[in-house]
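> Could you put together the complete structure from these sequences and hints?
Number of protein chains: 2
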Amino acid sequence: MKITREADYAVRIVYVLMCSPGVVPASEISEKTGVTLRFALKILRKLSAQGIVTAQKGAAGGYRLLRSPDELSLAQIIECIDGPFEISHCLNGEFDCTRVANKETCRFRQIFDEVSTKLRTELDQIKMTSFKN
Amino acid sequence: MKITREADYAVRIVYVLMCSPGVVPASEISEKTGVTLRFALKILRKLSAQGIVTAQKGAAGGYRLLRSPDELSLAQIIECIDGPFEISHCLNGEFDCTRVANKETCRFRQIFDEVSTKLRTELDQIKMTSFKN
DNA sequence: CCTTTTCTCTACAATTTTAGTATACATTAC
DNA sequence: GTAATGTATACTAAAATTGTAGAGAAAAGG
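Residue numbers (my numbering), protein chains in the order written: chain A, 1 to 133; chain B, 1 to 133.
Rather than coming from a laboratory, the hints here were simulated on the basis of the structure.
Watch out, some of these pointers could steer you wrong.
Given that identical chains are not distinguished, each listed pair holds provided it fits within a single copy or across any two copies.
Heads up, simulated DSSO-like pairs for lysine-lysine below, C-alpha to C-alpha not over 27 Å straight-line [as the list claims (entries may be wrong)]:
{"no.": "1", "residue 1": "K2", "residue 2": "K118"}
{"no.": "2", "residue 1": "K127", "residue 2": "K2"}
{"no.": "3", "residue 1": "K132", "residue 2": "K118"}
{"no.": "4", "residue 1": "K57", "residue 2": "K32"}
{"no.": "5", "residue 1": "K2", "residue 2": "K103"}
{"no.": "6", "residue 1": "K57", "residue 2": "K103"}
{"no.": "7", "residue 1": "K103", "residue 2": "K132"}
{"no.": "8", "residue 1": "K118", "residue 2": "K42"}
{"no.": "9", "residue 1": "K118", "residue 2": "K57"}
{"no.": "10", "residue 1": "K32", "residue 2": "K103"}
{"no.": "11", "residue 1": "K2", "residue 2": "K57"}
{"no.": "12", "residue 1": "K118", "residue 2": "K32"}
{"no.": "13", "residue 1": "K127", "residue 2": "K103"}
{"no.": "14", "residue 1": "K2", "residue 2": "K42"}
{"no.": "15", "residue 1": "K2", "residue 2": "K46"}
{"no.": "16", "residue 1": "K32", "residue 2": "K42"}
{"no.": "17", "residue 1": "K57", "residue 2": "K42"}
{"no.": "18", "residue 1": "K2", "residue 2": "K32"}
{"no.": "19", "residue 1": "K127", "residue 2": "K46"}
Right, dumping it as structure tokens:
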């Protein structure tokens, strides 16, 4: 029941962007978070693809937070990196459960789905501003 | 943000025990859940070690639920298999964070810890009886 | 337009975790 | 004492995670 390291790093990266005004190059983000440059770049690309940050190429380029920290939640960041909240593999659309006739009526699935939604709701209430002191 | 397959199986195994009176051999549990016999035995050993089920050896032996289904929660089963609820690796006692002077005052740690506790509380409110119909 | 500094894309490699199996053994009932 | 169970430990295979590498594309500034 863990988020990946990548998602954990993403939160810390967003925190750095939140605290630094203007455009921050990946090299600086890497230094401040302790995440290797290459790995930070990979994470930043995912954040950028989801519109959480925006990238500026070229000299004096870097990244900037696109969303307001009081609207950007842990859920959004974690979901961006780790994918949707599904606490059991059986919730995945691809998963073809052979044990049950109708997926929709499976009690396990129902309950796991409810829990996943609840978890997402909890994490969506924690905004990045919570990390400021 | 997933439980392991092993934990998912454990829930289904407990469900079978809850629905079957008396002592149920692992072979029958394996058949009813679709979990291979060997793997089911491994899971049952963990459940047995935590006092969730009890094992009876020998011919006509098998497993029996030790706790009442209306007191046995998802949290207890998942924790028994996957270990404590810690949504970030940085919560682990072994983990030596080099980025921070004092672990206790780290805001990331504090928030991840709160979320983990909240998640456990939610899952502890879901008892095995919820799966009946 | 050339050079430097940045980010992008895709692919690859190493490590760790998960998932599952095998072998040998211990206990109990009949 | 034999057949049917569970126990313990160790091993293997597969998958996911955690990174790294290389070639390229865009922007800024001279």
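> All the hints need checking, so say for each whether the structure fits it.
Cross-check of the supplied hints:
1. K2 / K118: both (16 Å within a copy, 14 Å between copies)
2. K127 / K2: both (19 Å within a copy, 22 Å between copies)
3. K132 / K118: both (25 Å within a copy, 21 Å between copies)
4. K57 / K32: within (20 Å within a copy, 57 Å between copies)
5. K2 / K103: both (26 Å within a copy, 19 Å between copies)
6. K57 / K103: For K57 and K103, the Cα distance exceeds 27 Å both inside one copy (47 Å) and across copies (36 Å).
7. K103 / K132: For K103 and K132, the Cα distance is within 27 Å only across copies (16 Å; inside one copy 43 Å).
8. K118 / K42: For K118 and K42, neither the intra-copy (29 Å) nor the inter-copy (31 Å) Cα distance is at most 27 Å.
9. K118 / K57: neither (39 Å within a copy, 41 Å between copies)
10. K32 / K103: Only across copies: K32 and K103 sit 17 Å apart there, 46 Å inside one copy, limit 27 Å.
11. K2 / K57: The answer is neither: 33 Å in one copy and 36 Å across copies each exceed 27 Å.
12. K118 / K32: Classified as neither: same-chain Cα gap 33 Å, cross-chain 30 Å, threshold 27 Å.
13. K127 / K103: between (34 Å within a copy, 21 Å between copies)
14. K2 / K42: both (20 Å within a copy, 23 Å between copies)
15. K2 / K46: Both: 19 Å inside a copy, 20 Å across copies.
16. K32 / K42: within (16 Å within a copy, 44 Å between copies)
17. K57 / K42: within (15 Å within a copy, 53 Å between copies)
18. K2 / K32: This pair counts as within: shortest intra-copy Cα distance 24 Å, inter-copy 29 Å.
19. K127 / K46: Classified as within: same-chain Cα gap 19 Å, cross-chain 38 Å, threshold 27 Å.
Of the numbered hints listed earlier, those contradicted by the structure are 6, 8, 9, 11, 12.
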